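Protein chains in written order, with our numbering: chain A, 12 to 681; chain B, 6 to 264; chain C, 2 to 398.
These are calculated hints, taken from the structure and not from any lab test.
Since we're looking at a predicted model, the values are computed, not measured.
Careful: at least some of the hints might be erroneous.
Only some residues are given here: those of chain C computed to face chain B with a beta carbon under 8 angstroms [what the hints assert, rightly or not]:
hint, residue
1, GLN76
2, ILE97
3, ALA99
4, GLY112
5, PHE197
6, ARG338
Label-pair restraints from in silico Cβ distances [unchecked claim]:
hint, chain 1, residue 1, chain 2, residue 2, range
7, A, ARG46, C, LYS47, 34 to 44 angstroms
8, A, PRO63, C, LYS47, 48 to 58 angstroms
9, C, ALA291, A, ALA585, 30 to 40 angstroms
Yeah, the Cβ is synthetic: ideal placement off N, Cα and C, and Gly gets one too.
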Amino acid sequence: MKEGETPRIGVYVCHCGLNIAGVLSVKSLAEYAGRLPNVVVSRDYKYMCSDPGQELIRQDIREHGLNRVVVAACSPFLHEETFRRVCASAGVNPYFYQMVNIREHAAWVHSHEKEKATRKAEDLIRAGVARAAKLEPVVRQRVPIHPAVLVVGGGIAGIQAALTLADAGKKVYLVEREPTIGGHMAQFDKTFPTLDCAACILTPKMTAVGNHPNITLWTYSDVVKVDGSVGHFTVTVRRRPRYVHEDLCIGCLLCIESCIYPDARVASEFDLGLGKRKPVYIPFPQAVPMKVVFDPETCIAVKTGKCTRPCVDVCGVEGAIDFEQKEEFPQIEVGTIILATGFKTFDPHRLPFYGYGRYPAVYTSLEVERLLNASGPTGGEVVLRNGKKPEAVGIVHCIGSRDENTNRYCSRVCCMYAMKIAHLIRERTGAEVYNFYIDIRAPGKGFEEFYDRVQEEGVHFIRGKVGDVTPETPDGKGRVVVSADDTLLGRARKIPLDMLVLAVGLEAQADANEVRRLFNITCSEEGFFVERHPKLAPVNTFTDGVFLAGCCQSPKDIPDSVAQAGAAAAEALALIDRGEMELSPNFAYVSAEECSGCKTCVPLCPYSAITLEPEHGKAVINQALCKGCGVCVAACPSGSIGQHLFEDAQIFDEIEALIQGVAANGEGAR
Amino acid sequence: MDVVVLMKMVPDAAQKIEVDAASGQLKASTLNLIPFESDEHALEEALLIKERTGATVTVVTTDLPGGDVALWTALAKGATHALLVTRGRPYEPRSTGELARIYAKLLETIPHDLVLTGAQAPDDVEGELGALLAAQLGLPYISVAVAVRPDEGTHSAEVTTELGGGLRSVYESALPLVVGIQTSETPPRYAPFLQIRAAQRSKRTRSVAVEPVPFDPKVEVVALHKPVAGKGATMLEGSPEEVAGRLVEILAEKELVGG
Amino acid sequence: MDLDHVLLYPEGKSLLTCIQCGVCSATCPQEAFMEYPPRKIVAMLKAGLIDEVVQSGSMLKCVSCYSCQAKCPRQIRLTDLLFPLIRGRMFEGGGIPAELQKAFLDVQRYGNPLGRSTSERSDWVARSKVPIRILADRPGPVDLLWNVECYPSYHPRGQAVALATARLFHRLGLDFAILGSEERCIGDCAGYFGEFGLLDALIEQNLTTFRKYDFRRVVTSGAHAFNVFAHHYPGYGFTTPVEPVVGLIGEELPKLRPMLKTSVPHKVTYHDPCCLGRCMGASALRCYFAPPRKLLEAIPGLKYVEMAHHHENSLCCGGGGGGMWLDTYYRDQGMDRLSERVVKEAVAAGADVLAVTCDYEVSRFEDAVKVLGYDRKIVVRDVLELLDESAGGEAAV
Ligand SMILES: Cc1cc2nc3c(=O)[nH]c(=O)nc-3n(C[C@H](O)[C@H](O)[C@H](O)COP(=O)(O)OP(=O)(O)OC[C@H]3O[C@@H](n4cnc5c(N)ncnc54)[C@H](O)[C@@H]3O)c2cc1C
Ligand code: SF4
Ligand code: SF4
């Protein structure tokens, strides 16, 4: 439509089968619409979204010279895009299209009062038509996409995403906080439900990451700053000094052997304190990169400089060990980001009555994973802190899950890993194993079969959560006696155990909130990152170009983490391969003449999209970051912020038309 | 079946009671009046009868301090009616005979198949209230009862009383009948506070004025004093072992245990 | 709120979320004796069968120890709401043992469950060597109103603790006073057994008394009274800060420490009262696990040992929720006494002194010691008595 051209509007009332036509009188609605100002044609049709329905619109545009289209049908979430495309294909700017939702807002909610519902639909259509007359053409902006990708977190999810992208020929930066990649999976011995050896399936992938020409792997590092938006992020990474030059260290580990501490004395983080390491160490034998770390807390050379440094003498590579190494802050340019920061396990100190930390017989499941691991502190043997082999072992499900006192949600993997642990302990020790559960959740492929198998192996399943743990002897050093209500027997059970395993739940990382702010995304109350849509956009976030993979989004198992990582990589690839991205037309803009630079809007923007341009101190909105929430538009005291698709004139006319109805129809207008 | 329970407010012996030296009477400020315990048992017995037979239970007391609370409590426990007898002048706690006459006069106006009252109130040591009342009304009287089982069909009641040494006797009597209750078959129930307040708010207690009946008491209280500690008692002192040893000696001396 | 309408209230609605995990029954110290332990009660209530529960008398055995409520993963208000409501219903059909009824009647009449005269409530004060101000006699502003509570006022062992407490207050130079014969039961057994009307009446009466005087804070001897102050009084607009005596003395430890000169050469274990631990956690208020332990450890010569059940896992003494007056009933039902279990644990831990801070406990545990024939093995002392002893006792004031 040219400037000054009168609007010629076509209105289409959809039956949606019987969804709408079963309640509203669609014929009379079409007739009503025909009498509204500027409406040139109005029709009703069985399915407007069908091919013939779409063709109807195109034909009318051609024959009646329509320059606005209004479809009264379902929610814009469903078909707004469909009809915009129809307009575009007939040569009308797609933003001259207006959707009126008479299905959800009239037919469905008022199915018991058909007459009134029809009148409400009339009001909605009248408002839509009034708005349509004020629509303006919008041209969508495009931004180029830098082809490099940042993956944060080197657990199985991050590894999978990085490899997928790198194999597709894209440049990947993988930033991992710990000295090695691998995440939690690297700590396990076997994985449910197939009992694959975790190392056998994980280490090849880890090595592939370490050797991949397209992957830059930065371990012992984290992201400290993110600027820019989709297509062109500038990211600053902090690389902590490991006091070894990674490019020089060949991973011979001679330094570890030569350390002046003859015995490993420091509690190993990777073994959760069950094993010991030296001040210079690698977390575990298959670590990637295979480069040592000098722990600044315990290495005397780093701490005081007063060591004789036998490690430096023994090192065959000149300058590989460098106690003067400093933090570095490299900057990288990437177009997209995949967050795969994983989870942390629930700390059972928060439920002191389970005796964790009080009685040595009580373990977390992750600790037991280390005991079961062939490269763990006991070489895969299940031996207790007192050196004995357990004869009776209890595993309590839902510690820190499904509990209003801790976490309300179900952690999804604990039932399965608890059965895995039961199987492994029984296999290695022949102990009697009791699983105390509330409900067994085994809804994955092969999961129920695994449950059957473990039951057949003679693991006892007691439906009732342990409510009390007491030591058998007052010193607390021996067995513990657990009490549970066997709800299926309807009887109390008191069972003495050599080992009590707490199946701890999965929680968001402690720093989730800082990471969320850094990447400008949202967290749920529990701290898990929020996806854009739980069903339709599960790996997208509300920030374009930032994707999620693995347990940072919600607790899940390895198969799901890997699948999600693949999906996140595919989303990034799609953007990169398109080369550019169309930005949403729904964004706010500042009219520079009117802006007084009062800064009211800046802190209000939930997406940090507003900055002040340095020269005149006026607000500027980054179109790529703006989500069109409208907060700044409403807040601007001088009214100098506008928003495409939601211009004041459009909204006022829409409201005006609605109010007319209220005045005319009385209560029918509501 | 109509059961009437007569309740009496008596000084609470758990509180410290003092005798006023000047008047020789109990010091009013130290008195806390509560329903006499056996009267509470009489009420309980009546409520048990109500539960078994659907009888109506009418509770009566005089307008002494606390009398209203006693009636609300009775209603809260399940009594059907509650009557507060007012007489237009202060009550003198010693005139049981007068009280019997007043109750007799009241009972002329209300239906009664069974009249229950506690046996032997502190001011009524011989249990004369029930007997005097029965005499006034010309009804049979059985006292120190521990169970009352009325039978509507035969219009009679079976009354169990307790004799010394664990012996029990069972009487059968035609109704109407006056019974002095020693204890009820089950301990008196507890009335939750909310129900007492609800009874209070329900305004279900009725006041009835009974004209004073001329009465010439044959007994007069001359003086009151606290019980004097008797002689005869020896307090043994020392460690438990010493006390026990001494006790054995005494018992042996008196030849109460075999030496 | 009553039992028929619990589901109309948010606190009651949470019942519908019960997942039948059985934690409540598993942790309940009385479970073995209940026909319907807590988990089943919730299921019965959901199924509309609660009358059977009321008739079963299972809830007479609940000692309001808060174990179930503190651990329930659905935060269902079992101890302080549901179970009192069920017991409240028991008043309608009888079935409440006479000894407990008598306690309630005595509280109604005399403001104490021992059935003792109100005028005798402050008789113990005459035996104190340190001055104890009674507000009715000497009104005027005071910092601390000390709520002495019923057992310390009337029970001989409780009185000994009250005297020791007064000496400690005096030594610390605290400005304190008591209500004397105006003091009444704070309402513990009424509130937790479901005699809500009586609780309400007691609170109203106590607040009327409090309003007559000018004090800045309240310190209360009893763990149970503290619990009622913390959970019920704020609802009546009473916002004055309340501390249990151990909490207060715990804060004064730096001042007290130099006075603790006499060695108390004993192996001491401490019993955490439910009402200063778990109960407080249930409503996110303060728990008092640390102060008594710190105080004990400050006593020279004393060696501290821990029992098997402690902190939030502590075993109830069996006196809560009316249990104090149900010992005969429990015996008739063939039930173990919880107080005996605690004493056995204390002896097993190698202690020769069982230290307590709850007003019910000195007498309960002393009975248990006698019944078990442990007189020569262990004695029961209040933490305050031990502190007083270390500070020189009566001779040193
Ligand atoms: C005891 C236990 C047993 C289990 N057993 C099984 C099993 O048998 N089978 C199965 O399928 N699943 C199992 N699981 C689940 C499994 O652990 C997860 O599905 C899987 O680890 C998720 O991988 P991830 O990469 O999302 O997270 P993680 O494994 O947690 O990896 C996240 C990585 O990100 C790094 N990181 C975190 N924050 C940052 C940051 N800010 N910057 C840089 N790096 C960061 C971490 O250091 C870590 O390396 C088990 C879980 C537990 C607790
Ligand atoms: S602990 Fe709570 S959720 Fe579990 S069974 Fe008991 S009431 Fe239900
Ligand atoms: S409060 Fe204690 S005694 Fe009562 S049901 Fe709960 S756990 Fe059992």
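Less than 8 angstroms between beta-carbons is the criterion; does GLN76/C satisfy it with respect to chain B? 27 angstroms, violated
Under 8 angstroms is the threshold here; is the Cβ of ILE97/C close enough to any Cβ of chain B for the hint to stand? Check passed: Cβ of ILE97/C comes within 6 angstroms of chain B, closer than 8 angstroms.
Does the nearest C-beta of chain B fall within a distance shorter than 8 angstroms of the C-beta of ARG338/C? At about 23 angstroms, which exceeds the 8 angstroms cut-off, the nearest Cβ of chain B leaves the hint on ARG338/C violated.
Next item in the hint list is GLY112/C. Is there a CB on chain B closer than 8 angstroms to its CB? Result: violated, 12 angstroms to nearest chain B Cβ.
Interface hint status, ALA99/C versus chain B (Cβ within 8 angstroms): This interface hint holds because 4 angstroms falls under the 8 angstroms limit.
When you take the CB atoms of ALA291/C and ALA585/A, is the distance between them in 30 to 40 angstroms? 58 angstroms, violated
Closer than 8 angstroms between Cβ atoms is the bar; does PHE197/C clear it against chain B? Give me holds or violated. 7 angstroms, holds
Cβ separation of PRO63/A and LYS47/C, checked against the hinted range 48 to 58 angstroms: 54 angstroms, holds
Is 34 to 44 angstroms a correct range for the gap between the Cβ atoms of ARG46/A and LYS47/C? Violated: the Cβ-Cβ distance is about 57 angstroms, outside 34 to 44 angstroms.
The structure shown violates the earlier hints numbered 1, 4, 6, 7 and 9.
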